[in-house]
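J.: Residues per chain are reported as follows:
There are 2 protein chains.
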Amino acid sequence: MITGNTLLIAHIGYPTFAFKSPMIYNPYFEQAGIDAVVVPMGCQAPDYPAFLRAVFTLTNIRGALITMPHKVTTVGLLDEVSPTARIAGACNAVRRDGNGRLQGDLFDGEGFVRGIRRKGLDPRGKSALVVGSGGVGSAIAASLARAGVAALGLFDLRERAAEGLGARLREHYPALRVNTGSNDPSGYDLIVNATPMGMNEGDPLPMDMNRISPGSFVGEVVMRTEMTAFLQAARARGCRIQVGSDMLYEQIPAYLEYFGLPGTSAEQLRALAA
Amino acid sequence: MITGNTLLIAHIGYPTFAFKSPMIYNPYFEQAGIDAVVVPMGCQAPDYPAFLRAVFTLTNIRGALITMPHKVTTVGLLDEVSPTARIAGACNAVRRDGNGRLQGDLFDGEGFVRGIRRKGLDPRGKSALVVGSGGVGSAIAASLARAGVAALGLFDLRERAAEGLGARLREHYPALRVNTGSNDPSGYDLIVNATPMGMNEGDPLPMDMNRISPGSFVGEVVMRTEMTAFLQAARARGCRIQVGSDMLYEQIPAYLEYFGLPGTSAEQLRALAA
Numbered sequence: 000m001i002t003g004n005t006l007l008i009a010h011i012g013y014p015t016f017a018f019k020s021p022m023i024y025n026p027y028f029e030q031a032g033i034d035a036v037v038v039p040m041g042c043q044a045p046d047y048p049a050f051l052r053a054v055f056t057l058t059n060i061r062g063a064l065i066t067m068p069h070k071v072t073t074v075g076l077l078d079e080v081s082p083t084a085r086i087a088g089a090c091n092a093v094r095r096d097g098n099g100r101l102q103g104d105l106f107d108g109e110g111f112v113r114g115i116r117r118k119g120l121d122p123r124g125k126s127a128l129v130v131g132s133g134g135v136g137s138a139i140a141a142s143l144a145r146a147g148v149a150a151l152g153l154f155d156l157r158e159r160a161a162e163g164l165g166a167r168l169r170e171h172y173p174a175l176r177v178n179t180g181s182n183d184p185s186g187y188d189l190i191v192n193a194t195p196m197g198m199n200e201g202d203p204l205p206m207d208m209n210r211i212s213p214g215s216f217v218g219e220v221v222m223r224t225e226m227t228a229f230l231q232a233a234r235a236r237g238c239r240i241q242v243g244s245d246m247l248y249e250q251i252p253a254y255l256e257y258f259g260l261p262g263t264s265a266e267q268l269r270a271l272a273a
Numbered sequence: 000m001i002t003g004n005t006l007l008i009a010h011i012g013y014p015t016f017a018f019k020s021p022m023i024y025n026p027y028f029e030q031a032g033i034d035a036v037v038v039p040m041g042c043q044a045p046d047y048p049a050f051l052r053a054v055f056t057l058t059n060i061r062g063a064l065i066t067m068p069h070k071v072t073t074v075g076l077l078d079e080v081s082p083t084a085r086i087a088g089a090c091n092a093v094r095r096d097g098n099g100r101l102q103g104d105l106f107d108g109e110g111f112v113r114g115i116r117r118k119g120l121d122p123r124g125k126s127a128l129v130v131g132s133g134g135v136g137s138a139i140a141a142s143l144a145r146a147g148v149a150a151l152g153l154f155d156l157r158e159r160a161a162e163g164l165g166a167r168l169r170e171h172y173p174a175l176r177v178n179t180g181s182n183d184p185s186g187y188d189l190i191v192n193a194t195p196m197g198m199n200e201g202d203p204l205p206m207d208m209n210r211i212s213p214g215s216f217v218g219e220v221v222m223r224t225e226m227t228a229f230l231q232a233a234r235a236r237g238c239r240i241q242v243g244s245d246m247l248y249e250q251i252p253a254y255l256e257y258f259g260l261p262g263t264s265a266e267q268l269r270a271l272a273a
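Keeping their order, the protein sequence lines are chains A and B.
Heads up: the first sequence begins at 0 in numbering that gives the first Met the number 0, then just goes up one per residue.
Heads up: the second sequence begins at 0 in numbering that gives the first Met the number 0, then just goes up one per residue.
Bear in mind the hints are in silico, worked out from the structure with no lab data behind them.
It should be emphasised that the depicted structure is a prediction, and the values quoted were computed from it without experimental measurement.
Even glycine gets a Cβ: it sits at the ideal position worked out from N, Cα and C.
Be aware that one or more of the hints could be misleading.
[Unchecked claim] Which chain A residues face chain B? A few, computed with CB under 8 Å, are given here:
1. Ala53
2. Thr56
3. Gly201
4. Leu204
[As the list claims (entries may be wrong)] If the Cβ cut is set under 8 Å, some of the chain B residues that face chain A in the computed set are:
5. Ile1
6. Leu7
7. Tyr13
8. Thr15
9. Met22
10. Leu57
11. Thr58
12. Asp96
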């Protein structure tokens with residue numbers, strides 16, 4: 000029940016029809032007795048800079064979830080941006096500190112990392128291949144670097160995207176070994192598909208699955224189907240896997256912490272949303 | 000259940016803790032299957048002009064309910080303001096037309112008028128005394144003029160408030176007979192307490208109740224108690240009465256119409272909110 004005491008979390012993007020967060024957060028808030036609500040706010044690009052500033056003047060706002068098409072723009076609109084968001088060049092969470100300064104972070108990659116950690120893979124000291132250097136690939140690479148991987152392989156058909164991401168990672172994490180230009184998965188502890196391949200029936204696989212060893216952990220970002228052809232092939236080789244939607248549910252506890260709200264587990268969120 | 004398709008009605012004011020509208024509108028929307036939600040937005044005066052403009056750039060906003068301390072300021076911030084709002088000098092409803100122009104109206108007085116109409120008193124051609132020329136008294140006087148009363152008596156201890164209101168009424172309704180300076184209720188078809196007298200135990204009555212005739216209809220704006228001393232005295236004289244909260248519930252169907260949403264009755268709203 001929304002009252003005058005309810006805290007707002009603005010969910011800002013456009014178009015709004017495919018927003019999923021309200022249906023994940025709000026049932027959790029209700030079930031956990033947290034007086035907060037995620038409110039979808041459809042905002043087009045020309046209106047966004049003024050709206051973002053204005054919505055954070057509200058006395059009952061606790062934070063904002065930022066989505067398409069504003070994640071990149073947001074980086075330039077805030078007073079303070081985390082290294083992860085800076086490396087990935089995108090923000091999906093904004094909050095206001097005690098002095099009214101707007102701070103931003105990015106939790107897609109954090110969701111991915113929390114998911115694999117809970118499945119038993121601690122990225123610290125490991126090697127990881129991230130195929131796809133777009134928004135989600137950059138986010139995952141940045142979060143893996145933050146989580147302490149020793150080596151990162153980056154690949155994108157647009158070579159400059161992978162190279163740019165690699166350069167930003169090296170700048171923030173000088174000890175990290177970064178390799179770009181190959182999607183050969185052999186020898187990596189962790190292998191991630193961060194391309195859209197798998198969204199559509201008949202998409203080619205993003206790498207040569209025959210070169211994945213059974214000891215590797217394989218993660219996916221595509222959510223349209225749970226068991227994509229990529230994950231099926233990985234499982235057939237005996238790999239442990241993580242499905243795309245785990246990244247979504249695992250990142251929510253990170254957001255909740257960021258907004259100073261009581262947290263929960265990804266499993267509970269998934270059960271409530273179902 | 001809030002989704003990306005849900006229409007927003009921003010409820011803007013400060014402080015928000017005493018907001019009642021979310022608990023009246025939202026249960027109705029849910030029960031009636033209307034995909035809309037009233038969202039309290041705490042906004043302080045210096046932030047309000049920019050916020051109002053910004054919130055109306057949202058693609059999924061359907062309207063705004065404006066409350067303290069912004070009702071007066073709003074009149075000067077819109078592209079178009081109804082005569083009722085202009086006379087009363089306050090707006091409590093804002094919407095956007097098809098060209099992005101912001102329009103404002105005021106429904107407190109409309110709620111009052113709808114209430115007495117449903118109780119059998121059509122104000123057309125009648126005489127009414129409105130005691131108190133503050134925000135709510137001005138709103139009721141403006142709505143009574145719009146509803147076609149032939150004569151209005153206005154009284155306020157601050158004489159200039161009553162005279163200013165009278166002048167604005169005469170300007171918009173040249174045929175209306177307006178009298179200011181007396182709170183004598185004798186001879187009026189309709190008598191309204193629009194002062195705060197009755198909010199606190201032991202408040203004096205706003206007029207001499209011995210001069211109210213049993214045929215008069217008596218209305219109240221104070222909501223803190225249902226049967227104020229004023230209404231008790233009126234009922235004791237045999238008058239028909241309207242309680243303060245009727246104005247609140249009766250104005251909501253007017254808002255819903257204004258926002259282009261399916262309407263309902265005040266009784267249903269009251270039952271759902273209870």
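J.: Now tell me if each hint is right for this structure.
T.: Each hint tested on the structure:
Taken as an interface hint, Ala53 of chain A checks out: its beta carbon lies about 4 Å from the nearest beta carbon of chain B, inside 8 Å. With its C-beta approaching chain B no nearer than about 4 Å, Thr56 of chain A sits inside the 8 Å limit, and its interface hint holds. A hinted interface residue such as Gly201 of chain A counts as satisfied when its beta carbon comes closer than 8 Å to some beta carbon of chain B; here the least separation is about 29 Å, so the hint is violated. Checking Leu204 of chain A against chain B by beta carbon gives a least distance of about 32 Å; that is not within 8 Å, so the hint is violated.
For Ile1 of chain B, the suggested interface contact is upheld, since its CB lies about 5 Å from the closest CB of chain A, less than 8 Å. Residue-level restraint check for Leu7 of chain B holds (minimum Cβ-Cβ distance to chain A is 7 Å; threshold 8 Å). Here the hint on Tyr13 of chain B is kept, as its CB sits about 6 Å from the closest CB of chain A, short of 8 Å. A least Cβ separation of about 4 Å between Thr15 of chain B and chain A falls short of the 8 Å threshold, and the interface hint therefore holds.
For Met22 of chain B, the interface hint holds, since its Cβ comes within 8 Å of a Cβ in chain A; the closest pair sits about 6 Å apart. Nearest Cβ of chain A to the Cβ of Leu57 of chain B: about 5 Å, under the 8 Å cut. The hint holds. About 3 Å separates the beta-carbon of Thr58 of chain B from the nearest beta-carbon of chain A, less than 8 Å, and the hint is met. Here the hint on Asp96 of chain B is broken, as its CB sits about 17 Å from the closest CB of chain A, past 8 Å.
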